[in-house]
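**Student:** So you can see what is in the structure, the chains are spelled out below.
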Amino acid sequence: MRIEKRLHDSQLMVYLSPLLALLLTLISGALLFALLGRPPLGSLYTFFIAPISDLYGLSELAVKVTPLLLCAIGLTLCFKAKIWNIGAEGQFVFGALIGGAVTLQLAESEGFWVLPVIIASGALAGMAWAAIAALLLTRFNANEILTTIMLNYIAVNLLLWAVHGPLKDPDGLNFPESALFASQTLLPVLFEDYRVSIAIFIALFMLVVIWVVLTRTLLGFQLRVMGENHNAARFAGFNSKKLIWLLLCFSGAMAGVAAISETNGPVGQLIPTLSLGYGYAAIIVVFMGRMHPLGILLASCLLGLTYLGGEMAQIDQGLPKSITGLFQGMLLFYLLACDLLISYRVVPNSRSVKPSAITQ
Amino acid sequence: MSEKKAMRLELLSLTKAYPGCIANDAVSLQVAPGEIHALLGENGAGKSTLMKMIYGVVKPDSGQMTWNDREVNITGPAHARQLGMGMVFQHFSLFETLTVTENIALYLTPAEYGTLDLLRARILAVGDEYGLAINPDRLVHSLSVGEQQRVEIIRCLLQDIQLLILDEPTAVLTPPEVAQLIEVLKKLAHKGCSILFISHKLHEVNALCDKATILRGGKVTGTCIPRETSPGEMARLMLGDELELQDTMPAGNAGECLLALDKIEVKPRDAFAIHLQDIELQLHAGEILGLAGVAGNGQDELVDLINGELGSDSGSLIFHGKDIGNTSVQERRNMGLGVVPADRIGRGALGNMSLTENNLLTSYINQTGKFGWLNWPAIKARAAEIISTYKVKATGAEASAKSLSGGNLQKFIIGREILQNPNVLVCFHPTWGVDVGAANLIHQELIKLRDKGAAILVISEDLDELYLLADRLGALCGGRLSPLAPKSAVPLAQLGQWMTGNFGTLSTGISTDTAAAEVAHAH
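Protein sequence lines correspond, in order, to chains A and B.
Counted from 1, the first sequence has number 85 at position 85 by the UniProt record's numbering; the numbering is strictly sequential.
Counted from 1, the second sequence has number 309 at position 309 by the UniProt record's numbering; the numbering is strictly sequential.
Think of the hints as simulated: they come from the structure by calculation, not from any bench.
Predicted model only: the values in this text are computed from it and were never measured.
Misleading hints may appear alongside valid ones.
[To be verified] Listed next, the stretches of chain B that the computed footprint assigns to chain A, with coverage defined by at least 3 CB atoms under 8 Å from CB atoms of chain A: (1) 302-309; (2) 329-343; (3) 358-364; (4) 367-377.
[Stated by the list, open to error] The list that follows gives simulated cross-link-like pairs (lysine-lysine, DSS-like), each with its CA atoms no further than 30 Å apart: (5) B:K191 / A:K80; (6) B:K219 / A:K5; (7) B:K380 / A:K241; (8) A:K80 / B:K487; (9) B:K487 / B:K452; (10) B:K211 / B:K191; (11) B:K393 / A:K5; (12) A:K82 / B:K448; (13) B:K267 / A:K241; (14) B:K380 / A:K82; (15) A:K5 / B:K59; (16) B:K187 / A:K241; (17) A:K241 / B:K322; (18) A:K242 / B:K267; (19) B:K187 / A:K242; (20) B:K370 / A:K241; (21) B:K187 / B:K211; (22) A:K242 / B:K370; (23) B:K448 / B:K380; (24) B:K402 / A:K242; (25) B:K380 / A:K80.
All C-beta atoms in this analysis are idealised placements derived from N, C-alpha and C, irrespective of residue type, glycine included.
The shape of chain B in the complex, shown without the other chains (with noise of 0.2 Å):
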């Protein structure tokens, strides 16, 4: 590709700053017509705020910005759409109650479409085109997730568009839907829209963009074609130079088992929750088991069923050879069970509450005297403990739980459960929108804790992480659980199934009690 020919997209030094940071540092980026660019980044490096001020959510303080070679000062969505932008969320702004026809009528206006059975034709016609089958009659809240991002895509593809802003779109999707998602984009590309990727996934931006430019910390610290370019350089473009990943960690060596599910079914409390059939899983001292998954597919409900928030309605739970099936989540705690929620703020964290209060939050198991007495220096001891142990970027035990980032809230929150020495810990969402550091930090102290003797589960949405992490892996779907197998014997298209609750073997003849068996006698 060129450079020099007529641009789609140009920025040139736009800056915006909130009360505190910097968001964006005179970031500068050009986009041609049909060209896929990644911007490359982690959580926090600028990415959403570059991406809100392209489509006008959020007006920038300096700079410039010109559309096909000509300057704009794009009001707002509205007047970004009518130049030719589309966007598509990271979460989906659909009404779960109407149609995708609907949906789509709602976002234009009736000028555009006319009448509702002509829009349905275009619906149809689109998604043949662009391979993106959807029925438009369906009702979105019976559409799997990645069948919506497709009602997002389809509805920017109505009008006559020039650029398709993606936020993180393959975050929430299966690996089979992403492959589907690339071919789209790259048709797309090549009928001259362009494309803005963003995701801190090299892989994919790989196997898809042309151009990626990097940012850390609100400026841009390179351009590249990433196919031309390791991924390890574009590791140091957006971490920095000091960190090093780690790509494998030892594997772990299964004693007795702590935790048991045994048949557990736990029927839906109201119409969004997910029926959990025929759960059956043995969590044993000193590994990881890995549960892959796309969220709303049943993690929720087995956390809150293993802390006790929700009981079953029928199998058991054996906790240390102890049915805990009416035990209330204090007594499991002081059984020694820790879980690490998948929302920091609110449940795992109280935002305007201290650190020191939210090491209370559920040390008040061994922390607290008669009589429900406390003593406030031990817990801000412990608090400070935490912080120093883990490394936890705070300015002391009393600071709020929101002044921190999320990545350090979360060695907070892992350090706390940690320090409490679990037999059985569940981590929903380790590392969720956790920088590379503080993730590489949690992983480790992860892997100690197993090795001292503990059990851990891990529920993830990361592969990655996963494939790191895991001594066997497995995948809910649908409430169901699949077969759980040593990693070494679940290549990840196999995973790829399970995830989409396809539960036969796709070589070797797995069955679980062969997966545990195996386990056993590792090592």
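With the rest of the complex left out, here is chain A (with noise of 0.2 Å):
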């Protein structure tokens, strides 16, 4: 066997790329609990089907979905101008610090004009937050991977200094955790007893814009050529610095918008562990849904599983909770590895070629 490029890319295989990593996680997972002393497929369907298999638990994926999928529509513009923000994750956090301020002085406020404020508070903090990266990649041209990735821990470490310091709820038993959110300042949830609120049909309208932005408009379009080739993009006469600006600012609203989802849906109020990494799950969800509007809908869907199988094998196989994050490693593992076949083939070795003596 060896692996030749092929003469055009695959695109059979762009498609079938994702699909065969999930069959590639599922496989190496299966052996996983089975070496666990676990039923292989038992485990997988307590992963995988326990926790939808009623009408509660899809709700809660719609739940997981919500985070992910706000993240992910800002991540999606990013990465097709090749911009790699790594740093939805931080934007997060820091769209939820400021929201749960804000949110937290408006307890005693009423109105109609208190959520939309609560959400245009985290998606400016978010946003502000991607700022920073924009601002050092334009001006000194810092690389943004670095700087995105070294704000996620800046903001993460501003929240724990919040949680124990200003925000700390004073009749809190002295836990790290701010008041409860007061019930005007949380999203109104869409049935009764489900936790699912209105923000998923916030996502739900951004992927459409999202969608129609890249199909349909010239800003899709340069930012399509941005990500394809910066020298024609300038020969072009898109101003390239604008266009990161913009999509920085973008990203980083709806990843501060995500925040507001979580705390002031599900969550209620502040805490260390605040995001469970959507915002880095989002990067996987981007790539696993091929950077199409409709794709990284459906790996929002398989992303969020993952959680909620995360915390159905804690409960009903001892497991612990970290089996979420291995799953959600394998998955961006594997579809990397299958990537490799989209533009390059396996053949078998029809003959046996003595290496050839090109030497120095």
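Dock chain one against chain two, each of which comes alone in its own frame, and use the hints as you go.
**Tutor:** Set out below in structure tokens:
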């Protein structure tokens, strides 16, 4: 067997690769469960099927999909333009921090304006956090991968400081948590007794927006050109600095809104472990979803399921919760490996070719 | 030269197929000792593949090769070198930050050169012997392209060389450098070294080569003795029968000045950029101004400057009487400036995108609705119009740019710009790497656009093209612009002088002012 470059990239493999990655993840997962002394197929059932086998489970999936999808929407535009924003996590956390602070300030306020103000504060905070990376990139040409990752750590530590300090609930028995948010500051739920909130509509609406932007507007074309080749974009007169600012700020805003969907949704307060790595998981969502709006919707369901499955495996099988991260990691790992097959193919070694003597 | 003598190199029916195309189809050729043999053919005829097979870079699928009458199976470039072959590629493989001696030492084994001092002496000796003067202590980045080529040739000569392969060696040289190279090659051949000379320039082959093998579409279409064959006959072998070559174009009729560069200076932005200084030129409606020059003498900077990607440090850029020095690329395009860049893929077009999308790359100026809304059917229709008007061979508007041959993509890019009706069009290497048929069509379209009143600036290394197209000529060297003069007043020798930076005049006193006046009075 050897690997040979394809004449043309395989369009089939572009779509097949995520499915193949999923299949390999399931096989590896089964093996892993077997090694841990658990029934492999039963455990896979617990992880992937049991969580969504009733209506409540499906609504919980929607709860997980909401922040993932919101983060992934922003990242999709960035990644299309090859701006590698790894900082959705930090933008999420900073959005939660500022949004939470605003929410606590508005605990006594009533009115139709309260929720829009909270959502806007989260979006602006996420935007501001991303803007730091945009400034560093456009002004100093500092690699956005490094700056956004470092900003993630700073944001997380800011949140820790806040919940240990200024935002700590005075009546909270010294737990590092904020006070519970007042009920009028929480996002309305869609159905009573279920946790899924109106934020899922914001996410779906924004998904349609980026779909239209990508396929029907000059902006979408410009960012695709920039992703293909900076020189061509420069030649055509597309302002890449402006695009970088726009895309990073949009992406940050989406992560900020995602944060509000969590803090002012199912969580209802600021806690140290607020983000369950949604900002990182969203990166996997975007690549699994092939940077296509429909694809990222499907992929966010899959990644959302890994959160539910992790919780279920913890309850049902007594496995550690980190199993979620393990499955997410395997998905990304196999996806990257399978993506090799888009440009390359595996051919059987028909004749034995001696290694040629091209020396020096 | 009698046949049936011992042969240095003989190829028998070499075939090499790549997925989708047969690069060489049963190619046979013979090279005698001391013979200068031309391998003639258009771009894509299979010349490079054949060279690579001889030099062991690529393995043939079938066929036989004999070296000094013994069958060989070359396993790689190292083996080829051992046998006594040397090759000078079109793109040099030199380290810019090392000296000439160090570069050559890297190519040899320590056993071959002993010490750097010994090697240095040998470089001087070989340089002396063949008239390849070079200072072995200079850093390669400080050498001109012609001198870098000498380094490549010298390092082939240091071994016991029996066959020297040169891949389009004159493409990067000025006319005096070409003449020098030809002298060197003749001397080498005289000493018994065979030379395989790849080119598509008929007059060079005529001046230099003993025999020529002509390739078309991967097959040998003929062999001839250049001195006894008319260029027309060789061109027919090279290009096929159906082609009519044009050797003159109607002259233009210059009108008002549309674009003027006034004492422009652009300081280099990085270590490899050229410092543009004192650039003064006026481009008039209805004329084609041709700028010659060896690559890397400020052409890139000049094109970027006019396109708006690069700002000037001093001087002014006047378009239609307005100073556009501070305007963006987009604003300039809105005003009617079109630019065809040198890099087709990566700047002029995006390989992975469809022709429809590539049309939008510059036509977004007039094909975008309110709020940047895109009407794809209309954009696609425009792409289809370009394809049919400019005879672009493509499977359709949805074909990706990289699926097109270089010539067809260039026709598409030039068509895209022309269909936008530019007042001023800058064409950088309009026909570089383009087959003669496509080049001919591009030339005619440029003349048509000029006759409609556009001002066209053609920057090219192909002097034949410049003499064919241009109404006025000039040259760039080291970031400075030579005087500009009507084509009839610039003999090739004069242009060659300008290309080397000698801006004095050869015979008659032509200054920029009189040149402009002459153009204005023409017709």
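**Student:** Please flag the earlier hints that this structure goes against, numbers listed from lowest up.
**Tutor:** 5, 8, 12, 16 and 19
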